[in-house]
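The numbers in this note's numbering rise by one with no breaks, and the one at position 106 of the sequence shown is 106.
Simulated from the structure, these hints should not be mistaken for laboratory data. Be a bit skeptical, because a hint or two may be false.
[What the hints assert, rightly or not] Computed beta-carbon distance windows for the label pairs:
{"hint": "1", "residue 1": "Leu56", "residue 2": "Lys109", "range": "43 to 53 Å"}
{"hint": "2", "residue 1": "Arg113", "residue 2": "Ala55", "range": "25 to 35 Å"}
{"hint": "3", "residue 1": "Ala63", "residue 2": "Ala96", "range": "17 to 27 Å"}
{"hint": "4", "residue 1": "Val191", "residue 2": "Val112", "range": "30 to 40 Å"}
{"hint": "5", "residue 1": "Arg88", "residue 2": "Ala31", "range": "20 to 30 Å"}
{"hint": "6", "residue 1": "Lys109", "residue 2": "Leu22", "range": "42 to 52 Å"}
{"hint": "7", "residue 1": "Leu23", "residue 2": "Leu62", "range": "11 to 21 Å"}
{"hint": "8", "residue 1": "Leu56", "residue 2": "Thr190", "range": "23 to 33 Å"}
{"hint": "9", "residue 1": "Ala10", "residue 2": "Ala120", "range": "15 to 25 Å"}
{"hint": "10", "residue 1": "Leu23", "residue 2": "Thr89", "range": "33 to 43 Å"}
{"hint": "11", "residue 1": "Thr190", "residue 2": "Ala163", "range": "40 to 50 Å"}
[Said to hold, decoys possible] Below, computed lysine-lysine pairings styled on DSBU-like, alpha-carbon distance capped at 30 Å:
{"hint": "12", "residue 1": "Lys3", "residue 2": "Lys168"}
{"hint": "13", "residue 1": "Lys3", "residue 2": "Lys237"}
{"hint": "14", "residue 1": "Lys109", "residue 2": "Lys237"}
{"hint": "15", "residue 1": "Lys168", "residue 2": "Lys109"}
{"hint": "16", "residue 1": "Lys109", "residue 2": "Lys3"}
In this text, a Cβ means the ideal position worked out from N, Cα and C, and glycines have one as well.
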Amino acid sequence: MLKLRIVTVAVVLPLFLAAIFLLPNSWWSLALVAPLLVAGHEWSRLAGFGRNVEALFLLALLAGCWLLWMAASLAATRPANASAAIDRTFYVMNVAFWCVVAPCWLWLKLAVRDPVALAAAGLVVLLPAWLALARLQNDAPLLLLLLGVIWIADSAAYFTGRALGRRKLAPAISPGKTWEGVGGAFAAVTVYALALHFSLLAARDLPAVISGFVVMTVLSIVGDLFESWLKRNAGVKDSGGIFPGHGGMLDRIDGITAALPLAALIFIQP
């Protein structure tokens with residue numbers, strides 16, 4: 001399984017990085033719609049939507065992308081404050097969901113079946129993630145550095161948990177995750193922050209960088225646990241099978257949906 005995961009990363013990652021650095025922002029934003037719709041389809045599957053509800057949900061995602069793209073386009077000819085305010089509103093809704101709603105959802109182990117609630121949650125989770133990826137690509141190196149926080153935390157948690165894991169983090173939700181894995185993730189992103197501070201981010205306050213990366217790590221873990229809870233309620237192991245060895249789109253972007261909008265809220269200046 002590990003070999004298959006490595007092969008998938010070796011194929012997908014270079015294409016993803018090339019798109020980040022080579023595509024114009026308009027084309028990058030458009031290209032992101034495809035994985036967004038795949039994630040929307042997987043969310044619909046986990047939520048138990050019927051075909052009609054799924055169609056409406058995917059249409060709402062498309063409409064949201066179009067409206068946000070239009071807002072950014074109009075900002076080129078009008079004051080950009082309105083567009084920036086709209087962006088921040090979406091980011092704040094996403095951060096509020098992951099800081100308040102999702103932890104309560106997990107703590108109470110709610111098995112929500114209401115399609116309206118699940119569709120609303122899906123929009124708040126997925127649209128701001130698309131928006132953050134689209135906007136941050138205007139500073140491609142920064143986007144890559146921020147994605148690195150999420151990827152490093154995920155990998156460190158996985159390998160530390162496998163090697164040292166003893167105490168379960170949330171056995172009723174995701175039995176494979178451990179507190180030792182969480183500690184490994186925190187240690188890894190702290191080292192990452194130190195490395196960046198003494199190279200690319202020397203002008204930024206080190207405690208602030210470390211704090212920001214740790215908070216991103218916490219949110220990425222919440223995102224991972226939340227998706228695991230949705231899968232457990234749906235009775236499936238993976239959200240899909242688009243990435244061999246890695247599962248579905250949501251399995252790969254759960255940390256991004258939870259952590260990147262916060263990063264965009266902090267790093268994108270109005």
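Subject >> Contradicted hints - numbers only >> reply: 1, 2, 8, 9, 10, 11 and 16
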